[in-house]
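K.L.:
Taken in order, these protein sequences are the chains called A and B. Take the first sequence: its position 272, counting from 1, is numbered 272 in my numbering, and each next residue is one higher. Convert by adding 351 to the 1-based position in the second sequence; the result is the number in my numbering.
One thing to keep in mind: the hints can contain errors.
Keeping only pairs whose Cα atoms sit at most 27 Å apart, straight-line, the calculated DSSO-like set for lysine-lysine is [what the hints assert, rightly or not]:
| hint | chain 1 | residue 1 | chain 2 | residue 2 |
| --- | --- | --- | --- | --- |
| 1 | B | LYS687 | B | LYS413 |
| 2 | B | LYS612 | A | LYS128 |
| 3 | A | LYS62 | A | LYS22 |
| 4 | B | LYS479 | B | LYS687 |
| 5 | B | LYS373 | B | LYS413 |
| 6 | A | LYS128 | B | LYS413 |
| 7 | A | LYS261 | B | LYS479 |
| 8 | B | LYS612 | B | LYS479 |
| 9 | A | LYS22 | A | LYS336 |
By construction, these hints were calculated from the structure, which means they are not laboratory data.
2 protein chains.
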Amino acid sequence: MSHAPASDEDVTFATLLDRVRKHVDGALATWLTPRVAAASAVSAEVGAAAEAVCGLALRGGKRMRAALVGAAFVACGEQDWARVERAMIAIELLQVYLLIHDDWMDDDDVRRGGPAVHVLLRERLGSKRLGDAAAVLAGDLSCGYAQDALLESDLPAERVLAAARAFARIQEEVVTGQLAEMSTHASVEVIHALKTASYTVTGPLALGACLAGASEARVAQLARYGRPLGIAFQLRDDLLGTFGDASATGKPVGNDIRQGKRTAIIAEMRGHAASEAVLARVLGRVSASDAEVAEVVRAMETSGAKARVEARVAELLVEARAALEAMGLPEGSPGKRWLAGAVRALGERSA
Amino acid sequence: MSHAPASDEDVTFATLLDRVRKHVDGALATWLTPRVAAASAVSAEVGAAAEAVCGLALRGGKRMRAALVGAAFVACGEQDWARVERAMIAIELLQVYLLIHDDWMDDDDVRRGGPAVHVLLRERLGSKRLGDAAAVLAGDLSCGYAQDALLESDLPAERVLAAARAFARIQEEVVTGQLAEMSTHASVEVIHALKTASYTVTGPLALGACLAGASEARVAQLARYGRPLGIAFQLRDDLLGTFGDASATGKPVGNDIRQGKRTAIIAEMRGHAASEAVLARVLGRVSASDAEVAEVVRAMETSGAKARVEARVAELLVEARAALEAMGLPEGSPGKRWLAGAVRALGERSA
């Protein structure tokens, strides 16, 4: 949303992101192509699932997580981020796995501007039941691919093993977060930390650090930087889900409201009488009209909920920057500049 | 956890299985308990999923896969199978993950003599939709646990890494097999090799061998022994699903027929006119009466399909025994005796 001229930091991280994206897009295609061919040779159904994984993996994606793997790798003393290419592929395929399962669970039909995988496979297999089962399996397949890719990393065994442990932890945390999201009691911020911060920020940072052979202390420092940044990222996501530009985010505005998603903004509206009344009428009603959705959006602003979430984002970004300072990385080093740039890119993004 | 490796010298596979079962039952409970507690602390839903994983993991299970990990470890030159305890936990939790997803996909309500996890979670969360999503997540959680456990193995990093690669391959193969099962064209034996042989026999053998630091040639020899044995195991499963004792197998007889499962017996009935007519009327009809199911069972016998599947099992067991001989393991060594015993235990089992 910011129209301020980009600072040097921004340009640097943006350039890294751009380079990583090109590299990872190519590497993902190269890595997946023989697997899709092998899957298709087994049966059309296996081929359809593998194609769906490949299609979603290559359909856009900012490769922000991959860039964070590279930034952490370099921040922990390594030179060449391309050496963690396999881990970059892995984190992107882990995301594909999570998106597939998540879209099916939330009944979200659109992903990255195209049909969600369960929608694609229902059509391809001519049945809701088969399509749903195939989508869950396609997610599982992507999860297996992700581990495969990570374990191919051409780095010392101890480092790869440490990264694999971090990877298993990411999976457990995300799943825990998704289960916690079903609760009406769990704290929204705890859910965000588990469900998003983990695989979006702290996980990729841990992968890069482990693959660089970093000490546990260093991995912990990176986590203190990554956790607030990851939560801020999800809060920004909640804001963009309602106040963002649908053509840029690839998700229809109003979706979150019609699905009754417990976003941070909704949580902040609780206890405000007028808001509660609107929410009771509209939230979670798939058939809610555009006018009703607009009422909720207005209440988000008048109740101050939106402003409070924005303030919390700002607070979390201050926390992330302080944690980065505390790491004592050499001033002006690429690692430090990239991690500083990531704070703006993730916390202040508009898509 | 104490056991004297020396006393393993003269134990049979049945005794090994018994010792492994006791060991793994205890180890699984010890390993899972703090995780269930941590999950419950996040929210009731997370706790319910973790409890469901733990409950299914501890509800019976023959621990045959765990025993095969130990047998391969010893056959590849190691002494003490308890050193692969974490891999044993891992393969059992991988099975739990697969059973949870599989039961949900097949709409199987009973598992190991109790309610399937999706049935349990639908009730616990008071909704089919939430329960199904939670069951898929509980499976994912168990998958994460499994990796976690394997990566904790206290053995050289290169060995653990090789085992982790084998583990990722198992997951990919099983998922591929499940997807192939949706097809009406894929060969039943290819499906069995992928879907069952992989995580039941060849996968556990590969884990044990990798953790013992075995050569690739040795791992390949074990695969040649394990593949026919694993397929025979699944054929035996198909036979027991219809001709077995439901109280011993824990699955109601007639289930496979009412669900229209493409078992090897059904595949063998194709082309036999009288059988085709019965199948067309009964197979895959959930509401089929016991008398109708009995008609299909009779046709399985009169068409010769049952006998042909039994003959194929015998053939596969001969193949497995020949592959075991070709490995050139010392005559009378525990590793060789256990692998020979496994052929009988898995291929000629009655439950």
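K.L.:
For every hint, state whether the structure bears it out.
P.N.:
Hints, one by one, checked against the model:
Only pairs whose Cα atoms come within 27 Å are accepted, and B:LYS687 paired with B:LYS413 is accepted, the gap being roughly 21 Å. Proposed proximity of B:LYS612 and A:LYS128 is supported: the alpha carbons are some 18 Å apart, at most 27 Å. Under the criterion of a C-alpha separation no larger than 27 Å, the hint pairing A:LYS62 with A:LYS22 is consistent with the structure, at around 10 Å. A C-alpha spacing of about 49 Å is found between B:LYS479 and B:LYS687, which places the hinted pair above 27 Å, so the restraint is violated.
A distance of roughly 10 Å separates the Cα atoms of B:LYS373 and B:LYS413; the hinted pair therefore holds under the 27 Å criterion. Under the criterion of a C-alpha separation no larger than 27 Å, the hint pairing A:LYS128 with B:LYS413 is inconsistent with the structure, at around 35 Å. Between A:LYS261 and B:LYS479 the CA atoms are separated by roughly 18 Å; this keeps the pair inside 27 Å, and the hint holds. About 24 Å separates the Cα atoms of B:LYS612 and B:LYS479, which keeps this hinted pair within 27 Å; it holds.
Annotation: proposed proximity of A:LYS22 to A:LYS336 holds, straight-line Cα distance about 22 Å (limit 27 Å).
Violation of the numbered hints given earlier is confined to hints 4 and 6; the remaining hints are satisfied by the structure.
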